[in-house]
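Engineer: The listed protein sequences derive, respectively, from chains A, B, C, D and E. Quick note on the working numbering: the first sequence kicks off at 125 and runs consecutively. Quick note on the working numbering: the second sequence kicks off at -12 and runs consecutively. Quick note on the working numbering: the third sequence kicks off at 554 and runs consecutively. Quick note on the working numbering: the fourth sequence kicks off at 212 and runs consecutively. Quick note on the working numbering: the fifth sequence kicks off at 56 and runs consecutively.
Just so you know, these hints were derived from the structure itself, not from any lab. Just so it is clear, CB atoms sit at the ideal spot from N, CA and C, and this is done for glycine as well. Mixed in with the good hints, there may be bad ones.
To be verified - Simulated coverage check for chain A against chain D, where a stretch passes if three residues somewhere in it have a Cβ under 8 Å from a Cβ of chain D:
#	stretch
1	264 to 272
2	347 to 360
3	430 to 443
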Amino acid sequence: MATKFTAKPDELSKIDHKPPKKGWMDTPAEFKEHTFCWGAKGKNLNIVDFPNARDWSPAEEDWKLPENWQEIVLEGIKDRLGKYRSFKLFMDICVRCGACADKCHFFIGGGDPKNMPVLRAEILRSIYRKYFTASGKMLGKIAGARELTLDVLKELWYYYYQCTECRRCSVFCPYGIDQAEITMMGRELTNLLGLNTDWISGPVANCYMKGNHLGLEPHTITSSVEFFLDDIETITGIRIKPTFNRKGAEILFVTPSGDLFADPGTYTAMGYLMLFHELGLDYTWSTYASEGGNFGFFTSNEMAKRLNAKIYAEAKRLGVKWIIGGECGHMWRVINQYMDTWNGPADFLEEPVSPITGTKFENAKSTKMVHIAEFTADLIKNGKLKLDPARNDRLKVTWHDSCNTARGMGILDEPRYVLRNVCNHFYEMPEDTIREKTFCCGSGTGLNASENMELRMRGGFPRANAVKYVRDNYGVNMLANICAIDRATLNALMEYWAPDVSVCGLHELVGNALVMTGEKERTQDLRLEPLHGKEAEE
Amino acid sequence: MSMNRREFLKIAGISTIAGIGGTALAIGLRKGVLDAAQTAPDTGALTGKRWGIAIDMNKLKSEENIKRVTDACHSIHNVPDFSNTKDEVKWIWTETFEHSFPGQEHKFMPEDMKRKPFLLLCNHCDNPACVRVCPTKATFKRKDGIVMQDMHRCIGCRFCMAACPFGARSFNYRDPRTGLNPEKINPEFPTRTKGVVEKCTFCYERLAKGIKPACVEESNGALVFGDLDDPASEIRRILASKYTIRRKPELGTEPNIYYIIGGNDYAVVPEIK
Amino acid sequence: MKLNSLLADKKASILEKWFDVIIESYPPDTSNFLKNQSNRFANPAGSAISQGIENIFDELLRGLNQGNTLQFLDNIVRIRAVQDFTPSQALSFIFPLKRIIREELTVEIAGSQLSDEILALESKIDDLALSAFDIYMKCREKIYEIKANEVKSMTFRLLQMANLINTEGHESDFKGNDKLKIKRGEVKK
Amino acid sequence: MRILFSFFAVIALVLSAYAGVKIANLQFLFGVVIPYIAITIFTLGFVYRVLKWGSSPVPFRIPTTCGQQKSLPWIKQNRIENPSSISGVIIRMALEALLFRSLFRNLKTQLKDGKLVYGEAKWLWLAGLAFHWSFLIIFVRHFRLFLQSTPSFIKTIEGLDSFLQVGVPLLYMTDIVLLGSVTYLFLRRVFIPQVKYISLAADYFPLFLIFGIAASGVLMRYFYKVDIVGVKELAMGLVILKPVIPQGIGVIFYIHLFLICLLFAYFPLSKLMHMAGVFLSPTRNMVNNSRMVRHINPWNYPVHVHTYEEYENDFREKMKKAGIPVEKE
Amino acid sequence: MKIYDGGKIFVGLIIFVGLVTSPFFFNRGKSNIVRDPKAAQMMQSMGLQCVEPKAFMLPNHMQLLDEWRDSVVRKGNRLYKASDGKNYVMSFQNTCMNCHSDKNESCNACHNNLAIKHTCDGCHNSIAVKPYCWDCHIAPKEKKS
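Start from the sequences, fold in the hints, and give me the full structure.
Structural biologist: Listed below in structure tokens is the structure:
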């Protein structure tokens, strides 16, 4: 069923130029290679007790579905209609005005009409109408209703794993219909059938058992941090001694595990370490709650809650007063919109107050978790940091608003404030591609695998296009952001579409600019590259 | 409502659009209930091709003479009197020679001529500038030569007032009914509303009944009304025998009001039946 | 060069036809959207294509400056390399140019001695196709390289540590951990 | 196909009303019975649909944030697009419901002079706004037929609506605007390929129906006159629950009325419920304050987690070796 | 069925239902327009009739007046030959208002009352039509009776 890269000789000369007469309902999804992720492994699903755990492959004809799969899906829909007003409402009120159609990065970059948010939603709506509305039951296709066949299920899977839940469509929808909410429901349904992807179920299992997506065991975390400390010492001459799982610390620090392992996230982690050391902050890392991100969020609400529970549990165990969260996109969407509801109330914590500036973080008084960009912006505003932005002078920086923090939280100006204080060359991308209109990296919601690289390149094209614009016009060579998935995937995107642009986290730039007490004269940046790149060469 | 509307239209400057679009719409929408054959002119109506008046200034000797003429017109047409020039509405009025015939005056002309009030009214020009500029065709030239003003259509844009070189048009800045004595309103003739432009209509409503304009009737022969296209008409005979002048002929609008100003020897010409 | 001036005259209509052929090569549903002349694009790919083909055409007339042409070709091929095309489909947009030119110049060709020039031009177009194939392969290789790089960067720290920590006995589910099976000492950055 | 189906459905409905009144003399059915049924379906159906939505909770606080959050006091919050207070939400909802704020934001991705631009795309917003507002004004205007003495605000609306004083009877601007905008909304579904592709019969049908209603209304007002006093008599009969069928109201009126009844009855069964839905949309009607105030999920249930204890049991030795403090030695 | 955010939803629904059913409440106890079908016949029998039959005049009188105006003001044609062959002078103020000599009486006058006062405002008010004819055309003096 998957299309290979071959065509019969006689097809070469005559590509069919005529669009099909058939409507989208009668056009089944074609599983094109390099656009979908591998199926989940049974053992990973078993670890977290997901139903119908088995090895399967989307590319194969036989998905090894349980006998009563239709029943499971329909029961699942019914259950969720009763639990989520958003779902029920969004099934009912779309008028198909088309305002969202050309807002999706996958549609813009690839052109597959079913990647228009409205059609992606219609896939699920057509099932909903058939089984849950009177008009759909009576009028069938005329009312836009469809039987739940295997083809329809496959279509649902194919396109619901081609949505990064970035919410860009929702911004433009006159009723605020959020495809992300619908995609979440669609994905929950597929998970009832064990139809997860390997790239999501692996990290979920890891995170559940070992505390983080990458499956880093406690000693691996500490030794990984040791490497950063070595590098920091090389750069600054200062040896930092962070603590792990330390009871009685004032603050617990939680960051996505990607920052501990994958470049360029690691440089961001070094930035955190340097900043906290310079402040003399009484804080600790946790190896148990060693993941801020939440791949469970890409499977089901329940799984996301199970993974998220560790943060408060650990904060309670360690007896900290409050929590700082590192740079991550969906982690913050989860913290902002879900954490307190799921696992709160965090009444064992105190309302966050910066020990350095005394600022009360009023906006976090219930979750007790502060975004590090808020924390750092406050420090800079109060003049508590000595910064030398010139150290970032070889960089011409642009800012990528990550979709989750932009449209699921609204943290837009804090990082920009920090950025303006730590570097001298900052250029915004075109207006309609930033802030709440920002384009997704094309790899969110667990789509940052390798096997779907083509899909990622397509989906990221609108973002890359805007970066290319500032690269060509202002010579931008650094794309800064506050999202671990961005840091992991934008590199690849830039490599293909806009070579010469690197990717970094906000606190890497902070780390570079931070003048630490007792440091030696720096000659290297956090990437161990000469600080004044060009001059040094000359 | 209507007064605000007109004000609004004027201010917003959509009068032109409303006029052109509106006319088209009105024409398009109207599904005629009347057959053309169902209407006809009054059998006793005065008919002509080009109505005009010759005014013999020699016969308008006294102020009373003139006032009788103007009052006759203004009272039957319910022309309001606000007793101030700013709001003044005038169909027929007077001016000095100098103002009536600018450029014709000279310092040696008779003193009484200089001071004499000249009776002025709409010239019902052959080439009326006001008609050309009207965006809604509220003012138009009738077949009998009357420059007519259709109050129903007027949107008060006042282009016509700017275009008319004779100052023959007045704008209703105020509700005209407040400038009328309720006891003396002529119930047979409508008033106007605030926000429209009005002027002399050559008593089209009287012509339809076969009688001459009120001013002519009240002038004791000083004003002679007739069809300028009819060589046998009295007015043509007067124009052929007397020296007459017209206001601002150099503008090319071809006014149809003629003034006899010289010689006291004008004899009454018998009326033509 | 008589042909060149003829081509220059017909440039607009040739480019338009060529553009349409490219748009129609998109998956049927997509081309449906892109067909409409007045609002062809909900697809940034179009930007590169329409710009690209004009530049390529100009270069053809000018006689193919290798460096420039490759850049223009790259802009188009790079996009098509990650869209749903087979390699042959991805590059098929070049050849119709021959047909379009012959169609546009039917009368002129019949009535004059252009056949040599036409043949020369067509072989230039063939060269173009060959270059496009190179670019296509480069793009595809780039994708695989990116995949590899990504894994490398994700696991670099692990590899770094692999020199120091004992990985035996760890059965990790982490995909990248397969790479941990590299023996000590092999990892050098 | 989807277009034709909807088109002929509306034509058939028009014909059935025509036949019903003109041939079968079913004035009472079309003038009294059907209107009562329609208004009942409309009201009860509407309420039922809203209650059904209401019966599902909003477990999480999920506003789409379209601007800067409330954070440090010196960072300027976008109080409307990212509201942290009820008043902000009210303004946001008002802008959404009254002015279609989100559609106003619409962009289109297009090619201009060989360059990709994200241009303004306000036509949909403009047509949508024109359509809904003129529909509302026309709806309100019709209350003159349902109230014994017409309130002055309705007269004012009528006065404003016929402001241009064109034609006889005075042309209502909203009549033209409604017909124009509904035509635009239809044409864009036909001529914009994406929109055509996503459109269902259920999208064309209401457009045809509303076009039919507006067209029959215009015809009745300006061309095929009906006895308006008779219409008021019928309408008043309905609302004082003493239905009467005055003689001599033209058949065009019954067609108009029948189509309206269908629209009312169809309303709660269809996407037209977006009228109520827009107010219930959790991405727009919620305050983004979930870090400040705990939001309660009524069906929140305890879940199985991998506890620290289990974790330490898995890794105790390794943790000790790495110098990480443990609970149990 | 538990309704979440019930308070707000019920307020909304009450407003909605209130608006939809408002005509029923506003008109409680009110009476409908009463039209005496005999009125027209009676007028005829008394030798009083309009320029055209009532069935035509009711819906079309404004159109007729509009065409009259056009004919009189623009074409200068003042005579109207009615469909029954009678001739009338087209004048709103001087022909129509001769019979419709009172524009201010209640609706009943036209439709019910045998006193046969063919008023304008009665009807107009009942269907909320506010013609602006009388901004200029002089309404007949109201007879105080």
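Engineer: State for each hint whether it applies.
Structural biologist: We went through each hint and held it up to the structure:
Under a criterion of three residues with beta carbons nearer than 8 Å to beta carbons of chain D, the stated coverage of the stretch 264 to 272 of chain A is upheld, 3 such residues being counted. Coverage of a stretch by a chain is defined here by at least three residues with a beta carbon nearer than 8 Å to that chain's beta carbons; for the stretch 347 to 360 of chain A and chain D the count is 1, and the condition is violated. Only residues whose beta carbon comes within less than 8 Å of a beta carbon in chain D count, and the stretch 430 to 443 of chain A has 6; three or more means the coverage holds.
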